[in-house]
Amino acid sequence: MKPRRPGFALSAGITLLGASLMILLPLAALAFKAGHAKVGTFAALLGDPRVRTACLFSLGAALIAALFNLLWGSLLAWVLVRYPFPGRRLADALVDLPFALPTAVAGLTLASLYGPTGWIGRLLPFSAVYNQAGVVLALSFVSLPFVVRSLQPVLEELPRDMEEAAACLGASRWATLRRVVLPQLLPALLSGFALSFARAVGEYGSVVFISGNLPFRTEIAPLLIVVKLEQYDYDGAVALAVIMLTVSLLVLLGVHLLHRRFGGASRHA
Amino acid sequence: MSIEIRNLSKRLGGKTILDRVSLDIPEGGLLALLGPSGSGKTTLLRIIAGLETPDEGEVRVHGEASHARRPQDRQVGFVFQHYALFPHMSVRQNIAFGLDVKPRAQRPSREAIRARVDELLQLIQMGSYGHRLPAELSGGQRQRVALARALAVEPRVLLLDEPFGALDAQVRAELRHWLRRLHDVSKVTTVLVTHDQEEAMEVADTVAVMNRARIEQVGPPRDIYDHPATAFVAGFVGQMNRLHQVAEGTAFARPHEMELSLDPGEGQAAQVARLAPTGALARLRLRLASGGEVEVHLTRDRLADLQIAEGSQVYVRPARVQVFPEDYSI
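Taken in order, these protein sequences are the chains called C and P.
The opening residue of the first sequence carries number 1 in this note's numbering; numbering runs sequentially from there.
The opening residue of the second sequence carries number 1 in this note's numbering; numbering runs sequentially from there.
Isolated chain P, as found in the complex (with noise of 0.2 Å):
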């Protein structure tokens, strides 16, 4: 393992930011550390940045512990949300700032941090944008070249905290794909924060999803889509339609895993309320007679088929369901 974080916790003002906390990451993966605002992901990456002392547990980077490692010595690359770039230092110097200052016995020729410099202009392909400063750059140039300053260090791990959260969405989806290549050439163990799940589900190995100060589920993003261990998890990671109660508590169900017929007694009664043909799927809000609302997705073809517009009678089943104890109102 590359970073095992044992049993962490951390409160503040009375408020427990994490608590007991424990998790595995692999060496060479991206894992993304997914959830709400205010879940305490950004203090789990600060903890292992160094930036912030936990209360409790530990964290070993590659078996060595680390908290008594100052921030300075813990080889890590960090990214902010807001690139804390430094404004008085052009491109190059802003990537060649974390090899300027190694004590001098460490640190590399001139002409060495030069080539690397230029090595890392290739890599985010800004080449000739070494001379220009960080105000003469968009959002997502400005990114870029923070992660080259990150990675011109080496370090053992790269943590990015929600890097792209600034950015339009274009854009933010254009650098997802980017950071998933440069993450596969690289092999730099990675951890993302992200409150979005598209990114995380999109661009990383693993996912763990954060609530309330603690993990609720770890695993590949298929299974945290497939099989989401709780409820937070399923209403967090891609829709969820609430169904009814049962013994065991509530029944779920996703959108495109309902079924829509014409015929009486093929389900519930509904009403389509709203009907929103994009792209391959369409969306539709339904009514139900019996009060609520639930969301079905179908192909086009499948509209086309039933022939339904805003307003049609329907009845609605769902194909699938996933029953959770309640502990969570999505």
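Only chain C is shown next, with the shape it has when bound in the complex (with noise of 0.2 Å):
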């Protein structure tokens, strides 16, 4: 017998129209633009080395931003989680800002406050702005919510006891976090990985007034199609576009993979 689904038709329907018109239509009108493009520009793009340099650059860039918040983001969610202190409330509610924020202000930001001038650039022996580490660092910034807030809900449900059953067992604090803490907040860090990662290949806002913008050294492949539409090339843009949406999706579905394997251990292992 078939089970009845109430409301099912109704939600369904209107769930998939509103994917299509904000998500489908955009992503297949890119797809038939580039189908136009022919394969020639493709080949020029990929040929070109100033373009071959941006896409790697950016998703170098991204992939470091994303490994960072990584590790600062799952600190600082760890100690919101587990630290009760004066102004916790507050510093949770500070994650999101980056969300918040147009991301041309936070690059201003950043470069005026990281600059050779700025409160914390005087005070760096190196420049952390117009290059390279400046893209890293307005990458972090705009793309840490994401690991913070994919991993607070997890830590929070994470039960104490099992952390004092291992002490109980003689295990290190250390000892408890590599075997016991981490391989299960392991699917939660994959997902603040991924999503972190993504949005940190996409930015264009705050990277632009921090990384100088040096072909071969700190341009971003958004950077460049837009350079591309400025300059009526609208199928290089696309191409561009199109290249790196695919390595974008490779990317993140190497991480559901890994997402599957060992979300999947706890389960089938």
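Hint data in this document are derived by calculation from the structure and do not stem from the laboratory.
So the derived list for chain C, only partly shown, Cβ under 10 Å to chain P, looks like this:
| no. | residue |
| --- | --- |
| 1 | 159 |
| 2 | 160 |
| 3 | 162 |
| 4 | 163 |
| 5 | 164 |
| 6 | 166 |
| 7 | 168 |
| 8 | 170 |
| 9 | 171 |
| 10 | 175 |
| 11 | 176 |
| 12 | 179 |
| 13 | 180 |
| 14 | 186 |
Built from N, CA and C at the ideal position, the CB exists for glycine as well.
Hints in hand, dock the two standalone chains.
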């Protein structure tokens, strides 16, 4: 017998319509446009060293930023969940700020803070703006909340008695963290990392103000797309977008597979 | 003495959790900490394990003061109410955990660990479950694994915090007997925290009854039942009827120590409000003519002799009364 699913047709219809209009249609249009672009356009793009460098730099910087966020985002989530301290609620609310701030403002602020005359930049022995470090800094800033927010609910649900059990069995704090806590956080860590990475790959607004946009050094792929648009090279812009999308999709797919593998470990191993 | 507890006090947020508690737990014994929720029994257990620190007082295990030691170094086995198994590890890995994390110099060989785990799987009668994950086990099986995991490191003391509290009544009764047999074999000094007086009375050699941050009485189960030291213990361990005021306090009597008669003059007049024959005993609820209710337990034979039913007029009097100064209402 067919199970009754009240409201399924209506809710599925509305969701699909929304998803189509907002996600599928733009992506389809992009693919359609790209289909019109000649194979030569792709070949030319991939052959252009400036484009190649920008693409690799975009991916590399996003990867480093996501890894960096993984570390200190986890630490931040841990502190917010595990230690009651005055101002914790405020600190918790501040984590979302990079989402709310227009990214251009974030870029300008970071550039002035970390610039040679900025409050922080003055103290640094090296320059953190107009170079690759600046790009990573901006990308970390805008994508940090993903790791914190993925991890927080899982940490809150993690029963404390498991860590106590490990301690009573003689495990050191480090062994408990490595063998009991981290394996259970792995799925959330991977999601946070993937979201953070995806956000960082597509970031444009904050980077252009802090990177200096030097070709072959700090130029990111999204900037090249804008440059191509300004030159009315729509085919080139679309082709570049498709290349970036494909690579990001592959990376996210890879993370998803890892997620299934490790998330599944707790159920089927 | 295996564990000596001296004048432990613990306060939390202005509330006294433990109030100058002292207790001796003999080597190889099984002691039950019995009390209602909030009486401080779990906190006492956690302090013995080192999971919490007392404000005052000390715990000595085998003569050494243990307050400065971390839980890792205390060699206690702790079993939690909600099992606290590691969900991403198989049953085998869970049991082997305490051996696996030992420093290299003290860690047994892989073969020795495997043999030890096999032995424990046999002990908990789960030989074929080694590769299952905790999520694939029933509650009773999970708790047996948790117990095996705690025993794997050969702890000096085994601490059980309401270990059967989350289980069905039937599984609970089975595990209770199994735990007792296990203890008779292993002889590890064991402290069991429970709010279930039946569990405490059946399993333990010694029962310590806790109430409001203090230990009210310590003794063998039979003494606790037959000679309760306080009104609280009398009411918490088994049923008690509150009878009447006397000069020294209030008189109480157990339901099975009440005598019933059909002759007027043999006690107080009462009416049978409810009669439930269960097992060897019939449980009667009597409504006294003077107001109030008492519980009476009769043998089935006695019930047959009396030929009474719900609504019958009877006369009731206690065969044995115990008097306690009034400090707690049952």
